[in-house]
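*Asks:* Listed below are the residues making up each chain.
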Amino acid sequence: MAANAHAVEEHAGPAGPVAHHFNNMRQQQATVRFGMWLFLVTEVLFFGGAFCAYTCYRIWFPREFEAGSAALNVGIASVNTILLITSSLTCTMAVRSAYKAHQAGIKFWLLTTIVLAVTFLGLKAREYHLDYEEGLMPTAKMTVDLQPQADGSYLPQERSVFAMNVEKALKHNHYDTTGVNLGRVQLFFLFYYVITGLHVLHMIIGVGLLIWQLILAQMGFFKYAERHVYIEVMSLYWHFVDMVWMFALPLLYLAGPHTLHQAVEQFTSAVGLATGGSH
Amino acid sequence: MTTKVPYLHYTPQSIPTPELPPEQEKKRKHYLNHDYGILSWLLTVDHKRIGLMYLVTASVFFLFGGLAVMLVRLNLIVPTGAILELDQYNKAFTAHGTIMIFLFLIPVIPGVLGNFLVPLMVGAKDMAFPKLNLLSYYVWISGALFFVWQLTVGGLDTGWTLYPPYSSKYSHTNVLYAGLGIFITGFASILTAMNIIATVHKMRCPGMTWSRLPLFIWAMYATSLIQLLSTPVLAVTVILLATEKLTGIGIFDPALDGDPILFQHMFWFYSHPAVYIMILPGMGVISEVITCFSRKNIFGYKAVAWSSVGIAVVGFLVWGHHMFLAGQGYYLGMLFSILTMLVAVPSAIKVFNWAGTMYKGSISFEAPMLYTIGFLVLFTIGGTTGLYLGVMGSDIHLHDTYFVIAHFHFTMVGGMLMAWMAGLHFWWPKMTGKMYSDFWSRLAAVVTIVGFIMTFMPQFVLGFNGMPRRYPNYAPEFQFLNILSSAGASIQGIGYVMPLFYLTASLFTGRKAGSNPWQATGLEWQTPSPPPMHNFDATPVVYFPPYEYALPNGLGMLADAGITPGSNPALEPAFAPAAGQHEVSHGS
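Keeping their order, the protein sequence lines are chains S and Y. Just so we're aligned, residue 1 is where the first sequence starts under the working numbering, counting upward by one. Just so we're aligned, residue 1 is where the second sequence starts under the working numbering, counting upward by one.
If you are wondering where the hints come from, they were derived from the structure by calculation, not from laboratory data. Ideal Cβ placement from N, Cα and C applies to all residues, glycine included. Heads up, none of these hints are tricks.
Straight line, CA to CA, 27 Å or less: simulated BS3-like cross-link-like pairs of lysine-lysine:
(1) Y/LYS29 <-> Y/LYS131
(2) Y/LYS512 <-> Y/LYS26
(3) S/LYS124 <-> S/LYS107
(4) S/LYS223 <-> Y/LYS131
(5) S/LYS171 <-> S/LYS141
(6) S/LYS124 <-> S/LYS171
(7) S/LYS124 <-> Y/LYS245
(8) S/LYS124 <-> S/LYS168
(9) Y/LYS169 <-> S/LYS141
(10) Y/LYS434 <-> Y/LYS26
(11) S/LYS141 <-> Y/LYS245
(12) Y/LYS29 <-> Y/LYS512
A partial selection of chain S residues facing chain Y, derived with a Cβ cut-off under 8 Å:
(13) HIS21
(14) PHE34
(15) LEU38
(16) THR42
(17) PHE46
(18) ALA53
(19) THR139
(20) VAL194
Okay, the calculated beta carbon distance ranges per label pair:
(21) Y/LEU39 <-> S/TYR132: 44 to 52 Å
(22) Y/LEU67 <-> S/GLN147: 54 to 62 Å
(23) S/ILE82 <-> Y/LEU246: 26 to 34 Å
(24) S/PHE247 <-> Y/SER394: 41 to 49 Å
(25) S/MET246 <-> Y/THR161: 29 to 37 Å
(26) S/HIS239 <-> Y/THR161: 31 to 39 Å
(27) Y/THR161 <-> S/MET164: 31 to 39 Å
(28) Y/LYS131 <-> S/ALA101: 20 to 28 Å
(29) Y/LYS131 <-> S/LYS223: 17 to 25 Å
Isolated chain Y (complex conformation) (with noise of 0.2 Å):
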């Protein structure tokens, strides 16, 4: 009665993974060539599809928000304002920020390298709810094109932040279709973070316990908790304005005797938190990354992994730091200052042991490290800066200037954006089969970061030197500055489009991946690439810790250097299955 449990016995020694032999790996099923036809993608439920798709759309909505940007740049360069007239100006840096923000930079790591590696990663089939992750692409997908239309038919001129009066008595643009826009995309963001929640916790494979998750998993893990928890305060201060909007009179409009600043702490108590959406994925991802391309385990993972849910919990607390300067109290101007001081030492912990990770590693820099190197520099840059603008004292002098806008597209594009670069060719292998030209995707990650720097490091200057944000004019003296964050953005979005061609090229001509291209420790990399359609051809089971590069790693690593089971004595227990690390428990 007995049955052979056929379980995929995952150690670290079992890299590299066989791989078949070229006529069988041609005839291979695998999520990619199982069905064909565009209802065989459009009616999916599986996740990697699903996180195929999320890629397609992200990446458009990135290019549209990014030439929206363009336009601003472009205005800029001269101190008049050189293209758009005053009204346009305020749509084109609306539709930037908002884009970016609500359909680039919060649903891209969840949604693609999210949907795409959390079953992998833990060893399930699936995500818990696959026919919800299919519903809420569509759902994510219809708001966004909703939402773009509106932004291409009328503009919103309000900024992201929707600040009444601005968004309710002196907009003449569609705030309410706008609004309505963000709220359904924000409906599947709870979708997706409800799906990757349950799935962390109901479906991980036997022996993947919660000290045996990926770093990757447990940053996925504390985003879904902020969007489950802050999004749907979004969504009913979203309600709120449209029932302004709709009734001509407010709940936030002073003639009432409402109160806007109670828009601004509801709006801030999801947006604050919503920092965190888009920057904890990218942290995920640089653990991964940084471990493989310096060939140890991570410093400190129990730290690592607690401070992004400590990230995640004091984030939700410091959202006051936006209105020191909005009218409210003073003492508790001062409360959310000290908290905010207190939200950078989780982030700073992480640095640390990022750093501690590369010491004495044998770093190699292949494109997901270059992009990761300039993750760690620029999101450092970008954290010290945002203690002068969370100290109040020096933010009444910097608040609502470029410095604050440096700051945070140090944070979220030095950061957040660099770990997607990271991520996207890091896992590009896992997810294509194939590998994109060495050369060039070295070259894009360096000019990507060159241009970063010359666009954004004047800016710190200029806010410094009293340049508000928003302002379609600025004084002459600022000019040279200015049109040197012009070019420097040029640049950037040179290296932005690359990627474009040279991935694009990698699915006709690339070399095949292999399973394991970057010898790496990853659940996700023990099985063929591209995944077979149920991920893994037999249950897994986990014995180790996800980075076990410490450990003489590999049976092939250790044949390359000549050692073979009996061949030293002294190395001979890197070959027995670690004692004591047998205990077979289902995720629960």
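Just chain S, same shape as in the assembly (with noise of 0.2 Å):
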């Protein structure tokens, strides 16, 4: 009775690798995607949740919000774009060989991939690293400043350290700060860190994924064209990360005024490209 069973699933589909569970390979195949399509809803919520209520904060503090994206370094981020939109292309390519089983294509797209993603996590912990050094942290430790009264004098008075560093970064950037409570930033700086640290996360996630498909292609378990929809899946996953950057990317580096000039010479200094970096 059993081989008779065999008989039967092995008519109602495509032969392949079956796994135990179901009846033929197109099965297989329609709920494997179905099964990322569902985690993504979940991932958006996730996310959502975060956008959510970053867009309510924004509303009620827009100079604030204004001010601490205007302290971001854009360079970097749109150098970043740019990979991350390339390596959706390359990950897409690396799908399209999957389908022919076409070994040595799928290994050099999910290799591409990678080093595409890895220079993107590179830059941006350059990125993580400067903003730590301007003291772009939010924090609530206090110190002392003098400020300059009416007749000229300097009197020292306390101020909260993230508002002076935040003052110092504006001024570099040539960002005029009247009317902003430089304080309130912070809460700018909170949603990003916590909005590109999750993101961040998750690139960390799918590098360790193409890596394990890589892994994988090397092994020959991507020989049966059928297995083309792991890599499909994984792709969609890789392509949900680059749409929450381009959620992100608006929404954290271009709510205020930046200007090409200012994005060229901040990407060269901080990978060291410019004579005499200003930081």
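The task is to assemble the complex, starting from two chains supplied on their own in separate frames and drawing on the hints.
*Replies:* This is how it looks when you write it as structure tokens:
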């Protein structure tokens, strides 16, 4: 009877490596694809919650969010955007190779995607480092600062460390801070770290998946064209991470004014290309 | 070239399934004796074994949560607090709330019955993603153990709602790590939900159309949708709260012009739908049990099925009724009040349909049915008192009093827990192949229900008279009702401990259940108990809707009445396959 059942299963769909609990390959592929879409639905709500809270505060405090955005390094963000979009393309190329069970293509495009993603993460780490050096970390610490008085003298006053740091960073970017509650800019920075941090975490998981798929490809797992579905769902995830960035970029980096010149200068000095970096 | 399809033709007429002779039955391989050893359990991807693992762990957590509340009830015997320090009292009721909600009520039915029954009921060999299923168990258990560890080493004193600034500035307990534990268990609940939705969509056996799905499946589907859509919002809220704890200044901190009400909005966007995560699976169980013990088709299949989806959808739009007095806008409050009235409609549809199902049925009162009747009465009381809280005017009087406590315990304990006990007793023979003691199980049901009413009825009065929730001390005139409530809690406790004994005893001394001890129609009863490794000996094919008790149900029963094919021409159609029901479609 078991042999009969097996025969029926093979008649029901294209032959291939089918897991024990599926009737045929088509059902298995559809299920795997469907599962990933369900996971992405959850992810949309996950980032949606953070973006929703961001939106509430941005509506209440537009000036502070604009100022916070102006203090960010838009140069690195721009280059990272290009890297990430390109990595989505290369990821899709890997899927295309998997459709054809083209082993060399799968490995090449997966590797390219990994390289692009790791470059993104490296630049992002550099950006966090620069933010840290500029003191753009939310903190409750206070310090004593000399404040200019009307008669030209200076008077010591207690001020938030963060407010002083962000003021310095904004001055460097030629941003007019009148009317901005500098301490409150921390709200923006909390969202900046939470949203980009979660995005980075998703990218690290994504790179892990890519490496795993690369190892599988090396072991010949994808010599069955039917198994393209695993690369396909991984690329769905990767495109999703890309989409999150497409929302995070304008909300975080482009909320304040930036110029192209500034972006180029920020990027070149960040990666050490500029002579006499200003940081 | 034609192959004979080894399908098991499932029709209501096939009840009762013929049993194997005893000596063959003894040798039969099923999921429990398929292989032995600790690793065969820890590394299993079989949904039935994972379901049993959930059963054991969730029961342990239920015991913990119960012990915590026993401390609370003991303390409340005396107006000034009998045994606990103020701080300990906060930790005790928080432990009770968080353990019961996050570690018991939310995972128990999806984890145990959902895992065990969903593939059986849709005629699949396993869940859509068996390895993910095992992963979700381990994610859940590690999050849960981490959480319990944090509760025992430092405690949590914020109440289960974790409102800042109680949870941020003014808490000296392990909010950060407890939050991490909740976050991890939430991840497991998302994975289970994905698995169940994918199974229902993609793994149904031939003939199992959407309109033939058992109502338990519809309820689990709606539950999983809520879990999938709301849990990530709690996750991100906990992350934001953790950021606040880590940096010492925060997103919800008014000192920075942050808004603590925003936390409440985000928290209840999860936690209100979460009460439907808790109750909907219970409603699914009730639909299964009530049809079986009334020997009738469900009254209004489509209404019950779609009301589950209706609850899932409208349940997302009512979270603001927790915040009528927290400072949200007046008109927003009115809107939420109206929507709250609206969400009562699908629940009421279900209750009326269950009553309609029982009407003129041949009701018998086995333990599952006793729990179910308990559910119907208690859940109706819980639901209708919810309306008092949903109306803004009366909520101002009743907000944060024991009236609220009594209301949600009537829905969560009187509703969900009764349903869980009903489901556990109903499917225990299927899970273990053994029958438990009829007398003790009925007694336990009665004791539980009596104890429950004694515990929570007084709390309505207490709350209406103004006793606030979460206070360790109260005015002396409330003492009598509090003692009554505590006494009821101990009776309830006995009612919950009793099954532990007679169910365990049934494993060793219980008589064989056979494949279908309740003469039920569901697909899960068409396979031997305990089910074989891959659920069915051959792929089942479904020709009928799920609750055809009204048809001349079962050749066996007809034979009991002396009716066999050919004996009575008027009854002959009962033996013919139903006309026009032969289309077979693969699930998609």
